[in-house]
Every structure is written in structure tokens, then in C-alpha cells.
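Put chain U with the ligands on the given structure of chain Z with help from the hints.
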Amino acid sequence: MSAGPAHRLEDIASIYADREAEARRFYAHGGRVIGVLGATVPTELITAAGMFPLRLVGDPARGTARSDAYMEPVREGYLRAIVEKLLAGDYGFLDLIVVPRSSEGLLQFYYLVEHIRTTEPELRLPALHLFDLLQTPFDYTARYVRARMEELRTRLGGIAGAPISDKAIADAIASHDAARRGFGTIVARRRTTPPAISGTTALRLAGCGQVLPVDALAALIAEAVTHHETIVPGPRLMIKGSPQEHDGFYRAVEATGATIVADDHDWGETLYETPVGDSDDPMQALVAHCMTHRPSPRRLPQEAVDAEFIARVRDAAVDGVIFALEAHDDTLGWDYPAQKRALEAIGVASILLTGQSYWSIDDRTQTDIATFVRELSR
Amino acid sequence: MTAATKPSPAADTEADGDRLAATARARDKQKSWFKDFQHRAIEEGEPYVIAAAVSPHEIFHAMDVPLVTNTWYSSIIAAKRLSPHYFDLMDRLGYHHDLPRYLSLPMMTTLDGNPEKAPYGGLPRPALILDRLRGDYAQRITAQWAGAFDCPAFYLDTPSQTRLVPDWWNHAQRNWEWLYESHRLDYQVEQIEALIGFSEGVLGRKLNRDTLAEEMHRINEAGELAAEARDLIAKARPCPVALPDQLTNVMAATWNRGSQWAVDHMRSYVEEIQQRVDTGYGICGNEKVRLLWINTGLWFNTGFYRAFEESHGAVFVWSMYTNFFSDGYRKYFDDDPLRALAARSISMNEQLHLPPWMAGWILEQAEAFGAHGAVMLTPQGDRLSAYGTEICRTSLEKAGLPVLELSASMVDARLWDDAEMQRQVGAFIDTRCKA
Ligand code: SF4
Ligand code: SF4
Numbered sequence: 001m002s003a004g005p006a007h008r009l010e011d012i013a014s015i016y017a018d019r020e021a022e023a024r025r026f027y028a029h030g031g032r033v034i035g036v037l038g039a040t041v042p043t044e045l046i047t048a049a050g051m052f053p054l055r056l057v058g059d060p061a062r063g064t065a066r067s068d069a070y071m072e073p074v075r076e077g078y079l080r081a082i083v084e085k086l087l088a089g090d091y092g093f094l095d096l097i098v099v100p101r102s103s104e105g106l107l108q109f110y111y112l113v114e115h116i117r118t119t120e121p122e123l124r125l126p127a128l129h130l131f132d133l134l135q136t137p138f139d140y141t142a143r144y145v146r147a148r149m150e151e152l153r154t155r156l157g158g159i160a161g162a163p164i165s166d167k168a169i170a171d172a173i174a175s176h177d178a179a180r181r182g183f184g185t186i187v188a189r190r191r192t193t194p195p196a197i198s199g200t201t202a203l204r205l206a207g208c209g210q211v212l213p214v215d216a217l218a219a220l221i222a223e224a225v226t227h228h229e230t231i232v233p234g235p236r237l238m239i240k241g242s243p244q245e246h247d248g249f250y251r252a253v254e255a256t257g258a259t260i261v262a263d264d265h266d267w268g269e270t271l272y273e274t275p276v277g278d279s280d281d282p283m284q285a286l287v288a289h290c291m292t293h294r295p296s297p298r299r300l301p302q303e304a305v306d307a308e309f310i311a312r313v314r315d316a317a318v319d320g321v322i323f324a325l326e327a328h329d330d331t332l333g334w335d336y337p338a339q340k341r342a343l344e345a346i347g348v349a350s351i352l353l354t355g356q357s358y359w360s361i362d363d364r365t366q367t368d369i370a371t372f373v374r375e376l377s378r
Numbered sequence: 001m002t003a004a005t006k007p008s009p010a011a012d013t014e015a016d017g018d019r020l021a022a023t024a025r026a027r028d029k030q031k032s033w034f035k036d037f038q039h040r041a042i043e044e045g046e047p048y049v050i051a052a053a054v055s056p057h058e059i060f061h062a063m064d065v066p067l068v069t070n071t072w073y074s075s076i077i078a079a080k081r082l083s084p085h086y087f088d089l090m091d092r093l094g095y096h097h098d099l100p101r102y103l104s105l106p107m108m109t110t111l112d113g114n115p116e117k118a119p120y121g122g123l124p125r126p127a128l129i130l131d132r133l134r135g136d137y138a139q140r141i142t143a144q145w146a147g148a149f150d151c152p153a154f155y156l157d158t159p160s161q162t163r164l165v166p167d168w169w170n171h172a173q174r175n176w177e178w179l180y181e182s183h184r185l186d187y188q189v190e191q192i193e194a195l196i197g198f199s200e201g202v203l204g205r206k207l208n209r210d211t212l213a214e215e216m217h218r219i220n221e222a223g224e225l226a227a228e229a230r231d232l233i234a235k236a237r238p239c240p241v242a243l244p245d246q247l248t249n250v251m252a253a254t255w256n257r258g259s260q261w262a263v264d265h266m267r268s269y270v271e272e273i274q275q276r277v278d279t280g281y282g283i284c285g286n287e288k289v290r291l292l293w294i295n296t297g298l299w300f301n302t303g304f305y306r307a308f309e310e311s312h313g314a315v316f317v318w319s320m321y322t323n324f325f326s327d328g329y330r331k332y333f334d335d336d337p338l339r340a341l342a343a344r345s346i347s348m349n350e351q352l353h354l355p356p357w358m359a360g361w362i363l364e365q366a367e368a369f370g371a372h373g374a375v376m377l378t379p380q381g382d383r384l385s386a387y388g389t390e391i392c393r394t395s396l397e398k399a400g401l402p403v404l405e406l407s408a409s410m411v412d413a414r415l416w417d418d419a420e421m422q423r424q425v426g427a428f429i430d431t432r433c434k435a
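Those sequence lines, one after another, are chains Z and U.
Counting with the UniProt record's numbering, you get residues 1 to 378 for the letters of the first sequence.
Counting with the UniProt record's numbering, you get residues 1 to 435 for the letters of the second sequence.
A couple of the hints might just be wrong.
Listed below are the simulated DMTMM-like cross-link pairs for lysine to aspartate or glutamate, each with C-alpha atoms no more than 20 Å apart in a straight line [unchecked claim]:
1) K340(Z) - D315(Z)
2) K398(U) - D315(Z)
3) K340(Z) - D88(U)
4) K434(U) - D335(U)
5) K340(Z) - D91(U)
Just so you know, the hints here were simulated from the structure itself, not pulled from any lab data.
If we strip away everything but chain Z, and leave its shape as in the complex, we get (with noise of 0.2 Å):
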């Protein structure tokens, strides 16, 4: 895949703000595009077919008023949007999304999304493939995963005209994993004393990286790498909980005056925590990658999880965490108590910000971020 023009740090807010034009770019000189949802789909997959993974997100400011007819309100901020996005059409440039099956909203999105699209041929929904991604840590589960993840090579070296061969695959795994390393270096800039990069541009060069080819993000991090915001000492925080897909959040808390120097859910910094690494048998490596290492709210065990949080929060020396959690969660709100207990117990303070809009963020949220900061000040 060709890199396409060079970005320049300068471009980041940009990319970031309209993450569909590169793909786009690539599709109108005749590449294919492959959507995808969540954290977990193993775009290497994609990029060793020579094809352009875009994970796919909504538009706070689009609304809901095509997707309502099909979506109860109390579903995923994210998904409705994207829902809103396919119905308008945006999605035509697709060759075919892949939803893994990594939350139960996302499966559910499958179904939903495959019900339009075969009850309603004329709205000409991007075909669906789901990666049956299967998180509990047993031998036979990796196995059946194994399996789907074959599916999914076949069905993209389809779409690609050529079967994908494992050494592009650990060609691939290679180029994502240097882009990896690379991330690790802005997390280093970020847990600096005073930070050297702010939290909003973390979050950007993170989502960034979920929408360019793999190479042009390692790129565009060689740039940032260099790159220094001058950032006034305030408390450090970490935001943890439901995904975080657009930086307003990150700017409100930012402009209380304190910084977030690590994060904690799919759209941030761990999305390229861990490398795959090399391997003999690398689609195997894949296999264990994604079931465990990649941003799920279905990893097994729970301690493991939140041993890996405990040692975020000490690694970047947080003064606070924001717990985050979209209106209507049912899932991470139980692991809560037992993670603001293992704060306590390491002297870290905590807020827990329940009921948050994915379209807006409320003034009553906005109080409660600045009474925090201040009490982190003093």
C-alpha cells in the first residue's frame, strides 16, 4: 500500500477531524477499503492483503433521525451514530465492514445492521462479515477463534484477488507492530514531569492511527515524536471507561488546567501497548493478540485487567482518575467498586462520571470535572 503524501505534525487536527479522507483518497485512486468496528479486528489481516482498515466512527453532529427507527435509545452512542452515517449512505465506498464480536452491542449492530441490509437492498449497505471473537482463556477457545480468523483471511483475500500468504502477514504484524513501538515513545513524552504532549493530542495521534495506512502513522509519530507543547504543571489525570471517539471531552477536561497523561479505553494510548511480535506460526500470534490484548470490555480475567490498570496509574504517576461511563452501561460499571478500591489503596482520588452523552457533554459534568481538578490542585 502506498503511504500517500507524507503528513507533517501540523496535520494531526486535521486527519483527526475528518477521518474518513485518507480512505477515501486511497479508494478514488482505486484502492479498497475495509471497515471496521471496535479495537479488536486484526487489521494486519487488511493490510497484508494491500488493502486500507478504517475503523469506522459517528458524527455527534449528524443526530439520530434515520437510525431511531431501528435503534432503541438506550443502544451505544457510537453505534447509533455510525447506524445514522450507513443509512445516509456514507459508507459506499466500502468493500465490506468487519464487526467483531467483541461486545455485546457490537454483535447485536451485526444483526441489526444485516437485517436492513437484507430486508432493504435498495439502501445498498456495505456487505458484513463477523469475526466471531471468543474471549474466554481456554485452548479450545483459542482454537474456534483460530478458525474465524482463517474465515476472515480467506473472505479479505477474496476481496483483495489473491489469497494473502503468512508472509505478508508477518510482513504486516512487523510494520504494525515499529508503528507500535513508535506509540510507546509518545506515551513516554506524555508521562513526562511537566508532560511534553497534551492528552487531546495523544488522543488524536491515537485515533489518527485508526485511520491511516500503517506506515504513514509511523510517519507522522517519527514527527511527533520531536514535537514539544508547552504544558503548565497541573494535576495528572488518567480517563478510564466507555470509548472516548472524539476529543471533546479530553479538551474539557484539559481546559480546567490539569493534563491527561494516560488513558484507558479503546480509543487511547492501549490500543498499541502490546506488540505481537514475531512469530513462527503468525496468524497464531494474531489469534493471542487479539483474544487478549487489544481493548475489550470481554477480556478474561477481570484481575489480570485490572492488575494492567493498577500498574497504568503507578507507571504514570496519576494524580486522579475520571471513570467515564456512557448512559445506560451495564457492563463496566460493575468493576468499579473494586477498581476505585485498589485506588484507594495506592492514595490515588477517583470520580465516577455516569449517564455521559456520547453527542454532548453536560454542564453538570463540566462542574464536576473543574471540582475535581480544583480539589487535585490544592
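Chain U with the ligands only, in chain Z's frame:
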């Protein structure tokens, strides 16, 4: 279908006067089941299992191991009006308000550590908690509950159906290998084998696979009788059996599935319905409108199902419990009971809750029962139960079946506003359900 019918003998007697004799026997069975459980597991400390409602109980039945479902204990807590006490505890422990609370009530009795308060003195430590990982949160509750008990948990993962053929119920009994997709069944069998090995270890008992096979055949036999009962009720005008009777009888057979009792019970249930049909007996002498009840049952207020007979001549004739046992549980097999068992629970929730499976099945029932409308109950603040309801509702409406959606809390009976709910259903019958 306003056939002139004999007035109901219930007319001047108590509301429950038209109850089937089988219903009393089903209730007795549930009582004796509980006595047995209480004696063995609570008093004698025999190893027992807590299992998810949709999971292969058959294995433990065949091993003669006492088993309760977390949902059963939740319903007891709710029925004893103890939910508010445990909600307070959840608040104090930091579980936020949006969380669906029904499944966590049993865990709260354990975290509370107050046996005086908990129904039956609280559940003792089980040998094992078995969970099936539908949704994203049951695994969390189970892990924390097992932690509080200091007992092992076993998780059955849920491989996903990739294609939803429209008429699952025509394939689910004999053509299930094709319906549920072989790769999923292969995996499910591996999981069940692992569960058997694990359970034999912690329970110190061996599963006799011949016993399991016999049980599986008996489930099919009881399921055939449930199908007969369903067909009798569907065809009869007026409706011969009230919905609460249908629920009690079929649920008792479902929970005791595999036993000879369940087969015998379903047979006597069918015979009693047949007698009523033969004499033209109807539960409502003034039957004009026939309704389906969709989704969650109203366990704490089954009288609601009958509240529109006198006022509107409207009878609830069907809910999924009427024939889910016959359509969903029966799995015929030649030589591999384990694979048939795998097929039973693998898509249970999808069949009941996923469009197009849910909508297709309900339309089939609407036709068979000659229904004029449907009332759909959606639990409030419960994302998992809400998924798919919108498209199901619109599909049914498009197909010509009027649907009223009611939204209510399922965990706190105090929040059920009976007058308002009756008003909504009454208005729905008046304006949209024309016989
Ligand atoms: S209308 Fe129905 S409920 Fe009312 S008295 Fe007649 S039979 Fe009984
Ligand atoms: S009705 Fe649905 S949610 Fe309730 S136990 Fe049955 S399958 Fe589960």
C-alpha cells in the same frame, strides 16, 4: 371469532376458579422441589450448583446434583419485596444506578452477609457457579459472586450465529445441525465436555451418559406433549386455558425437564385441555379480542393477564412460555445426546430476542392463535433486554399485528403502576385491536 360460548363457571366464583387441576400439581411439584433442595443443599450441606437460566442443567440433573438458577433466587427476593434493601447495599458498594440489577440481587445477599434478612437464610456456598456469557456483564457478576463465596466459576462462551434463517422453529427440532451451524456446535460440545470434566472434579461424581441420553429423550417426549397442548389452545375458540395456567404448567415441565414427572405432567395437562375443548369451555364467556404477550413475563402480577376479560372481552392467549418448550427445547438425535444438548442452549436467547428470529416466530403464533394484537413488555433501564425490540415491533406492525410496548421495572414490584398499565392496555384494545 366471537363464537357464542358457554358462560364460564368462573363467572360468579373467585377469579382463580377456572384454574386447571394440573396447575395445582405443578405448584406442588415446585414446592417439593424446593423442600428437597432446602433439605439437601441448605440443611445437609450437599454440594449443589448455581446455574444460569439458559445453560445445560441436564448434566446436573443426570448426576442427581441439586441445582438452582440465579434467576429463581432473584424472583424470590423480588417477591418477598426485599429488592429495595439490596439496592441500598448496591448503592453503598458503589454500583451505579444505570446497572441492570435483576441478576445481581442474589450476589447482594452474599455480599450483605446478613442471613437473617436473606430468603431462606441465604444460599450456602455452592460447589460451582455455571454461567453462560451472553451480554458483557453476567461474567462480572458471576466472578464477583464466586469470589465472595470463594467457590469456582465455570464459563460457557457463546459462539455467534452468523446467519438468521427466517423460520428457525421449523428447523430447530430435527434440522438443528444445519440451523445452528456446525462450527458452533463443535465448539459447544467441546465446552460441554470441559464442563463435565470440571464438574465431575468439583462434585466428586461421575456423569452416566446413558442416563443423560434417557433424559434427553424424555425432554423430547414432554416437548411433543407441550406442542399438542399449544395446538389445542391455538385452535380452540374460545380460549380454554388462562395464560397464568399455561405459564405454571409449562415452566414446571421446563425446570424439571428430563424427569418422568415432566412427561406425565404434560400428558395430564394435555388431557385436561382436551376435555375443556371437547365441552367448548372458555375462560372468558365474552371473548372478543385475542392477545399475545411478548417478552418478559409479569411474574409478580400474573393477574394482569386476566384483567381485560370482563371489561373488554380481551384474553391473553399466548406468551413465549406457551410453546418455547416445544419449539426451542426439543432436539431429536440418533446417537449423540451431547451434541443435541449443545444445540439446545446455543441460540436460546437469540430465538427469543433477536430480529428477525423473534418477530418471525411471533407472527407465526399470531396467525395460529388468531391474535388481534400484542403487548410487549420491555424492562426499564435494561439494555440487553431492549436490543432488537424496536425492529421487532415495527416488523410486527408492518405485517399487520398491532403492538403496544409497555416499559416497566422488573425488579421492584412497588414501581409497577397497575392502574396506568391497565389504562394503556385498555386504550390499546379499544383503539387498535378490532376483532
Ligand atoms: S366476561 Fe369473562 S371474566 Fe367476565 S364474567 Fe364472563 S367469563 Fe367471566
Ligand atoms: S426470557 Fe429471555 S432473558 Fe429471560 S431467561 Fe428467557 S431467554 Fe433469558
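Taking the hints in turn, this is what the structure says about them:
1. K340(Z) - D315(Z): Judged against 20 Å, a Cα distance of about 17 Å means the pair holds.
2. K398(U) - D315(Z): The given pair, whose Cα atoms are some 57 Å apart, is violated under the 20 Å limit.
3. K340(Z) - D88(U): holds (18 Å)
4. K434(U) - D335(U): violated (50 Å)
5. K340(Z) - D91(U): holds (14 Å)
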